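Asker: Residue numbers (the UniProt record's numbering), protein chains in the order written: chain A, 1 to 219; chain B, 1 to 219; chain C, 1 to 219; chain D, 1 to 219.
These are computed hints drawn from the structure, not numbers from a lab.
Check the hints yourself; a few may be wrong.
No distinction is drawn between identical chains; accordingly, a pair holds when it is met within one copy or between any pair of copies.
Once the Cα atoms are required to be at most 25 Å apart in a straight line, the calculated SDA-like pairs of lysine to any residue come out as [unchecked claim]:
#1 17 to 196
#2 23 to 128
#3 166 to 128
#4 95 to 129
#5 148 to 75
#6 148 to 177
#7 23 to 166
#8 95 to 196
#9 111 to 28
#10 148 to 4
#11 95 to 179
#12 23 to 140
#13 17 to 191
#14 132 to 21
#15 23 to 169
#16 166 to 147
#17 17 to 209
As the structure is a prediction and not an experimental result, all values here were calculated from the model.
4 protein chains.
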Amino acid sequence: MTFPAHLLEGYGRYLNKGFVRYKETHERLAVYGQTPDVMVISCCDSRVTPEGIFNVGPGELFVVRNVANLVPPYEDTEGQHGTSAAIEFAVNGLKVKHIVIMGHGQCGGVKAFRENANAPMATGQFIGRWIKLLEPAAIAMACMPVDKADDPQLAMEYAGIRQSLKNLMTFPFIEAAVSAGSLSLHGSWFDIGSGELRVMDAETQRFSTTAPEALATAG
Amino acid sequence: MTFPAHLLEGYGRYLNKGFVRYKETHERLAVYGQTPDVMVISCCDSRVTPEGIFNVGPGELFVVRNVANLVPPYEDTEGQHGTSAAIEFAVNGLKVKHIVIMGHGQCGGVKAFRENANAPMATGQFIGRWIKLLEPAAIAMACMPVDKADDPQLAMEYAGIRQSLKNLMTFPFIEAAVSAGSLSLHGSWFDIGSGELRVMDAETQRFSTTAPEALATAG
Amino acid sequence: MTFPAHLLEGYGRYLNKGFVRYKETHERLAVYGQTPDVMVISCCDSRVTPEGIFNVGPGELFVVRNVANLVPPYEDTEGQHGTSAAIEFAVNGLKVKHIVIMGHGQCGGVKAFRENANAPMATGQFIGRWIKLLEPAAIAMACMPVDKADDPQLAMEYAGIRQSLKNLMTFPFIEAAVSAGSLSLHGSWFDIGSGELRVMDAETQRFSTTAPEALATAG
Amino acid sequence: MTFPAHLLEGYGRYLNKGFVRYKETHERLAVYGQTPDVMVISCCDSRVTPEGIFNVGPGELFVVRNVANLVPPYEDTEGQHGTSAAIEFAVNGLKVKHIVIMGHGQCGGVKAFRENANAPMATGQFIGRWIKLLEPAAIAMACMPVDKADDPQLAMEYAGIRQSLKNLMTFPFIEAAVSAGSLSLHGSWFDIGSGELRVMDAETQRFSTTAPEALATAG
Chain A
1 MTFPAHLLEG YGRYLNKGFV RYKETHERLA VYGQTPDVMV ISCCDSRVTP EGIFNVGPGE
61 LFVVRNVANL VPPYEDTEGQ HGTSAAIEFA VNGLKVKHIV IMGHGQCGGV KAFRENANAP
121 MATGQFIGRW IKLLEPAAIA MACMPVDKAD DPQLAMEYAG IRQSLKNLMT FPFIEAAVSA
181 GSLSLHGSWF DIGSGELRVM DAETQRFSTT APEALATAG
Chain B
1 MTFPAHLLEG YGRYLNKGFV RYKETHERLA VYGQTPDVMV ISCCDSRVTP EGIFNVGPGE
61 LFVVRNVANL VPPYEDTEGQ HGTSAAIEFA VNGLKVKHIV IMGHGQCGGV KAFRENANAP
121 MATGQFIGRW IKLLEPAAIA MACMPVDKAD DPQLAMEYAG IRQSLKNLMT FPFIEAAVSA
181 GSLSLHGSWF DIGSGELRVM DAETQRFSTT APEALATAG
Chain C
1 MTFPAHLLEG YGRYLNKGFV RYKETHERLA VYGQTPDVMV ISCCDSRVTP EGIFNVGPGE
61 LFVVRNVANL VPPYEDTEGQ HGTSAAIEFA VNGLKVKHIV IMGHGQCGGV KAFRENANAP
121 MATGQFIGRW IKLLEPAAIA MACMPVDKAD DPQLAMEYAG IRQSLKNLMT FPFIEAAVSA
181 GSLSLHGSWF DIGSGELRVM DAETQRFSTT APEALATAG
Chain D
1 MTFPAHLLEG YGRYLNKGFV RYKETHERLA VYGQTPDVMV ISCCDSRVTP EGIFNVGPGE
61 LFVVRNVANL VPPYEDTEGQ HGTSAAIEFA VNGLKVKHIV IMGHGQCGGV KAFRENANAP
121 MATGQFIGRW IKLLEPAAIA MACMPVDKAD DPQLAMEYAG IRQSLKNLMT FPFIEAAVSA
181 GSLSLHGSWF DIGSGELRVM DAETQRFSTT APEALATAG
């Protein structure tokens with residue numbers, strides 16, 4: 001079981017470039033610890049890297065990545081919720097100021113959920129259970145549609161992000177921090193093919209492009 | 001609740017540089033979907049970005065990030081294990097060839113586990129339960145120590161990686177894929193201050209540096 | 001099924017010597033009942049007899065002996081905890097003034113716990129569960145090591161004694177009696193080969209020899 | 001919390017006498033481990049020391065001591081039965097040839113059980129549950145009395161021993177070993193005031209004195 005050679009080669013490049021660029025930041029982060037202002041909850045998808053998309057250096061984003069960027073509702077049971085643990089760590093421990101749910105197009109987890117009705121076995125025992133977290137999203141989407149229904153995959157991706165934002169508010173310590181104005185929650189969605197980032201308006205619950213041309217000029 | 005401005009600025013830089021660099025890759029990945037060979041299970045820590053450390057582009061790493069880069073043991077219960085779902089997605093769905101557990105120094109999750117004995121309340125209800133996944137690691141470490149005990153934090157970080165590798169093998173589909181030679185499992189550890197990467201030898205269970213000088217030259 | 005002859009022979013010797021020596025004590029103990037000041041929680045091991053090691057006569061030690069001299073944590077469940085029952089009997093019924101946890105070297109229960117990670121089946125269904133009581137000891141030992149790690153068997157024996165002392169304090173009536181100054185708890189460890197007795201310092205949690213030469217002179 | 005001085009003094013005497021007497025035995029037991037032929041299940045009572053009563057040296061008796069010398073029935077549950085664990089250790093691990101249940105007169109545990117009907121609170125939460133193990137003994141005693149009823153405390157002590165012997169036979173590995181002739185089970189009872197030992201006849205289930213005069217002469 002040899003360690004993948006291309007990863008070691010990549011690590012060699014990193015040591016010469018990426019690490020060198022942030023050498024002092026790394027040394028400082030090692031001495032003083034991390035103090036990120038932002039937590040991102042993103043998908044495991046290999047095409048969506050939050051640090052890349054937001055072009056940030058080490059120490060800036062506290063990142064959870066799970067299938068379909070889902071937040072479970074607050075539950076005071078004995079179960080082990082890795083995402084809830086990370087949220088608690090970020091909010092109560094690190095005192096982050098923002099939580100960003102980062103969805104994306106062509107999400108395999110959302111697709112599995114949508115196909116699960118037809119072929120539940122195909123989604124596997126763990127995936128099958130995990131994506132049940134999207135059920136309230138589907139119900140909300142069916143009962144009170146926000147988006148045009150011409151792209152049900154996209155509509156479900158959006159609905160999943162909205163549901164995760166709702167679920168975040170079920171955590172007492174998040175509700176308190178949001179009420180106190182020390183924490184804000186955000187929804188966003190990334191398009192793999194075009195690189196377009198869409199941000200959700202908290203009022204309308206709608207997603208709109210962040211005007212990449214303007215940004216590109218400003219960048 | 002305005003979206004954090006510095007993230008939008010970073011996104012503008014990304015669109016002009018990172019995305020442009022991988023534009024064709026992104027277009028291809030949008031059309032054909034993702035086919036990563038490697039899954040990385042890493043920590044949420046803001047100082048450890050797998051794609052950065054291995055200097056890989058989009059589509060190469062399927063990434064789970066949870067507190068302390070933990071893999072729960074296989075359990076056929078009704079609970080929702082996000083990490084197990086991601087593993088199933090990667091191995092049975094994407095047919096990855098490698099799973100890399102990526103630990104790191106100064107891990108806050110490991111530290112919380114170590115301090116939990118003295119101050120269980122301080123670690124919170126979700127963190128407190130989540131890090132119980134480290135209990136078998138601590139037991140194994142106490143019963144059959146592999147490392148010198150002069151740095152219990154480091155020793156526990158290593159022990160956690162070893163335990164996650166053990167837990168991976170409790171998944172029947174992983175055991176089968178490893179036996180068939182189509183999947184291999186790897187342990188690694190990253191030092192935040194120096195950028196040093198250590199890789200675990202599967203035989204001895206020991207971690208050693210990947211000789212950064214040689215790599216840097218080769219890079 | 002004849003009663004073992006060598007035990008009956010031993011009983012004959014006892015009647016002529018041991019019993020005769022303590023005849024009046026026995027008669028008094030039969031009339032007035034037992035009033036021991038000390039409870040000892042020791043191992044079943046055939047090489048460790050508390051009454052022998054402390055050279056005391058009848059009526060002095062209230063003795064629990066279980067595998068690996070373990071005290072379970074206080075639990076208000078329906079389960080039947082023989083050791084907890086004995087503790088309650090000793091503290092609330094007999095009003096003992098001291099509880100001594102008596103560990104020892106080469107403890108088979110500790111060894112079984114240590115080997116359980118490799119060969120869980122070998123330890124049997126009851127032993128396997130019972131020695132799980134050592135898990136918090138192993139965790140504490142891994143997280144905050146008190147002893148040098150050059151002898152993990154000894155370190156685990158010590159850790160088990162410390163954990164049993166901690167668990168004793170989880171019983172409300174013990175915590176109350178200790179706070180009131182009417183009960184004190186002690187850790188000790190016996191070396192089978194040399195007869196050396198080590199006593200734990202309550203402050204440092206460390207074990208040190210009770211200076212057998214001095215004792216032998218004083219004895 | 002100073003270690004009780006009279007115990008350290010007793011230990012000094014032990015080092016000079018008891019240990020010296022068995023020094024070579026101790027050294028051998030440390031090197032080769034324990035190989036006792038007999039397991040004794042006895043009471044915690046400070047007035048009943050199996051090694052004393054059977055006048056045996058180190059390495060001869062594997063001893064469990066719990067309140068009222070009880071054996072729970074075999075139960076394949078998750079609970080932690082310390083006595084069952086010790087039995088498994090002795091029979092499957094050490095391959096003992098005999099298990100001796102050693103009851104005694106004026107047993108406080110039996111007394112608590114008998115008084116529990118009148119004053120259940122007085123027996124405490126752990127004792128109260130533990131002595132429920134005597135319920136089948138009481139039922140058997142009421143339904144099919146073996147002994148004259150003029151001494152209900154003694155009759156219950158006997159009944160408890162019989163029940164523990166019955167319960168031992170519910171362990172599959174004990175039933176198998178007894179059937180194979182490699183293990184035998186024995187009941188005995190000790191009188192604190194007179195030192196008299198009574199042994200149970202496996203056929204009649206009755207207890208009779210082991211003729212101390214004859215033994216004393218032979219001893």
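Asker: If a hint holds in the structure, say so; if it doesn't, say that too.
Answerer: Each hint, compared with the structure:
no.: 1; hint: 17 to 196; verdict: between (27 Å within a copy, 14 Å between copies)
no.: 2; hint: 23 to 128; verdict: neither (43 Å within a copy, 33 Å between copies)
no.: 3; hint: 166 to 128; verdict: both (22 Å within a copy, 19 Å between copies)
no.: 4; hint: 95 to 129; verdict: between (31 Å within a copy, 20 Å between copies)
no.: 5; hint: 148 to 75; verdict: neither (32 Å within a copy, 36 Å between copies)
no.: 6; hint: 148 to 177; verdict: neither (33 Å within a copy, 40 Å between copies)
no.: 7; hint: 23 to 166; verdict: neither (39 Å within a copy, 34 Å between copies)
no.: 8; hint: 95 to 196; verdict: neither (29 Å within a copy, 28 Å between copies)
no.: 9; hint: 111 to 28; verdict: between (42 Å within a copy, 19 Å between copies)
no.: 10; hint: 148 to 4; verdict: neither (45 Å within a copy, 27 Å between copies)
no.: 11; hint: 95 to 179; verdict: within (15 Å within a copy, 38 Å between copies)
no.: 12; hint: 23 to 140; verdict: neither (47 Å within a copy, 35 Å between copies)
no.: 13; hint: 17 to 191; verdict: between (28 Å within a copy, 16 Å between copies)
no.: 14; hint: 132 to 21; verdict: neither (42 Å within a copy, 37 Å between copies)
no.: 15; hint: 23 to 169; verdict: neither (38 Å within a copy, 37 Å between copies)
no.: 16; hint: 166 to 147; verdict: within (17 Å within a copy, 27 Å between copies)
no.: 17; hint: 17 to 209; verdict: between (32 Å within a copy, 19 Å between copies)
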